[in-house]
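Residue-level listing of the chains:
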Amino acid sequence: MSTFIQLVTRSLETGSIYALAALGIIIIFRTSSITHFAQGAMAMFNTFVVTIFYINFHMPLWMALLGGIASAFLSGFLVDFLIIRHTKKVSPVAKQIMTLGLIMVFVGVIPLFFGVEPLNLPKFFNSGEIAFLGAKISYNGLFNISFGLILMFVLFYILQKTKWGLAVRTTASNDVVARMMGVPTRKVTMAAWAIAAGLGVIAGVMNAPTTTVTPNLMDSVQLNALIACVLGGFQTFYGPVLGAYIIGIVKNLFVYYISSVWGDQLLYISILVFIVFRPHGLIGKKVIKKV
Amino acid sequence: MKKLLAQIKAYPYTKYILLGLVLATIPSLVYFDVLKSSYVTLVGVVMIYTIVSLGLNLLLGWSGLISLGTAGFMGLAAYISAYMTMNLKMPFEVTLIVSILIPVAISVLVGLISLRIEGLYLAIATLAVSEIFRKTFAEFEFITNGFSGKSVRYPTFFGFFKLDTTMTYLLLVVFMVVIMILIHNLINSHVGRALNAMRGSEAAAQAMGINLLKYRLLAFALATALTSTAGILYAHFIKYVEPSKWNLGLSLNILAVIIIGGVRSIIGTFVGSLVVFAVPDLVLKQIPYFGKIPNFAYIINGILIIVVILYYPAGLIRVFNDGKDAVVKLFKKSRGKTV
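Chains as they are written, first to last, in our numbering: chain A, 119 to 409; chain B, 8 to 346.
For the record, the hints were derived by calculation from the structure and aren't laboratory data. Among the clues, some could well be false.
To be verified - Going by beta-carbon spacing under 10 Å, a handful of chain B positions derived as facing chain A:
#, residue
1, Arg123
2, Gly216
3, Leu219
4, Ser258
5, Ala263
6, Ile310
7, Val314
Said to hold, decoys possible - Computed, partial: chain A to chain B, Cβ under 8 Å:
#, residue
8, Ile201
9, Ile215
10, Gly219
11, Ile221
12, Val225
13, Ser291
14, Ser388
15, Val394
All residues carry an ideal CB built from backbone N, CA and C; glycine is no exception.
One chain only, chain A, in its complex shape:
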């Protein structure tokens, strides 16, 4: 039983990383109707910025993270300002392909700016753990889980209760009508790109200590976050977050109880089978298209 709880708490940690990345993707999808494949690549780029702040400028980690968030906001702004804003007439699939082009740009510039050596980023809390029902959780894991939850709670509060949140939701539900009603959709979209990039870099910094900071840092996170969006459905903001936690937990359970080699593949196959039966995800509703 304690192994099970240990597994679940460990999964909640990876789940919150996936959830932050998935939330970034869904915010972009809802406001600009683009499936944002470059979310992971941008997060990876900004995690490199954090690492450089930490290693070369000897900043404490939290300060480096703030610097990284600033650079994430900037990169989000720039991507929206330079590219996304001009895509009004581009078809959805072509927009998707543009974000794939962005991946190539962000991955490509890494050796140019940061060299080819893999870098290391430490945890927020290096040691210490607490016991919980026979399972041990490290302080860092606890911090990651709670930080992710608090951040998401704040964002959902803003989305549901504030005027800005209302603006985002109106833009998400109908861009043209929102503009007619006086919602500054351009600013909303721009802010969405900035916030998505910010969520990405936080996920990146949480993920970095488990591996090294290389251009592949966010590949698996990005894939799992995208699949979480499919699993949770693209129609709500909270669906993908739920999907992300489910994937985090089921993945670890599969890897531990079934097979460490085939666990991931089994998970992906079962999700593919799942969307055959529920194509709009767990919470998704059917969108009725006009012909």
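Given the coordinates of chain A, assemble chain B onto it according to the supplied hints.
Chain B in isolation, oriented as in the chain A frame:
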């Protein structure tokens, strides 16, 4: 004579055969020391990627279905063919058929899934499929030899006719030209028109009596057949298959080929393949300073994808036509002034 020339020009396959003939001269140019010997490998690889990209073009360009699983399927075919010829000592012809049939069968399953999910999710679903393959390649050491990779030999026909580098290269030329002609015929047939209609509007296509299930599955099957062919040829031309090759980066490069070269253009696909897979080695590395930047070609391809979609959606193949139009216009203008 003039009539004959006009006839040849009107013959629809002329450009493909001409392209094939030009490419077929490269080994002899290398033999006479006009070109470096590395050109054979380089152009051979370009042709292999042209075949894959034609498959993806059929899927994305003509049918409007996006797939990020290209690399996975290509790797699958490469590994199956490598295993069959090297470990099971099967003849190349049998290998060719089996290594196409298995990926096609799997892709039909993916096609079935694709019917249930909307266009935007398809990219994610195929990405997941590709990821499943990539992880499996590394783990399934019994067939793939794991991370250390698997070496392959040049193909042998009828059990005794062993090909060398040049002959394998010529085999690639033949394959590419034949596939180009087949696709040309396909898209000008009722199947091509059905795929086109499906891309335009699924509802309208259905209303016109097009069976979506049948044509979607057909598009997936044909695209994967081409991808697998390229994977088999790759394994037997490069003579080495490794698991890290078949990642998202390769799928993205193949996507770049279509977007940059020209969506729904057969020759454009070849041009795109040349830009993505040959120009980096031939041109970009020669540029002072910039050529030294690692990944320079990858960055340029990424930027090209974005710029082409935004400002030049028909792809680089249009450059030839637009250039011709501009020259004709200029010529007409200057003549107008003198008269």
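Verification of the hints:
1. Arg123: Constraint on Arg123 (chain B) satisfied, holds at 4 Å.
2. Gly216: 16 Å, violated
3. Leu219: 14 Å, violated
4. Ser258: This hint holds: Ser258 (chain B) lies near chain A, its Cβ roughly 9 Å from the closest one there, short of 10 Å.
5. Ala263: 7 Å, holds
6. Ile310: Holds: closest Cβ of chain A sits about 6 Å from Ile310 (chain B), inside 10 Å.
7. Val314: 9 Å, holds
8. Ile201: This hint holds: Ile201 (chain A) lies near chain B, its Cβ roughly 6 Å from the closest one there, short of 8 Å.
9. Ile215: 6 Å, holds
10. Gly219: 3 Å, holds
11. Ile221: Ile221 (chain A) check passes; min Cβ-Cβ to chain B is 7 Å, inside 8 Å.
12. Val225: 7 Å, holds
13. Ser291: 17 Å, violated
14. Ser388: 11 Å, violated
15. Val394: 5 Å, holds
Against the hints set out earlier in the document, violations occur for numbers 2, 3, 13 and 14.
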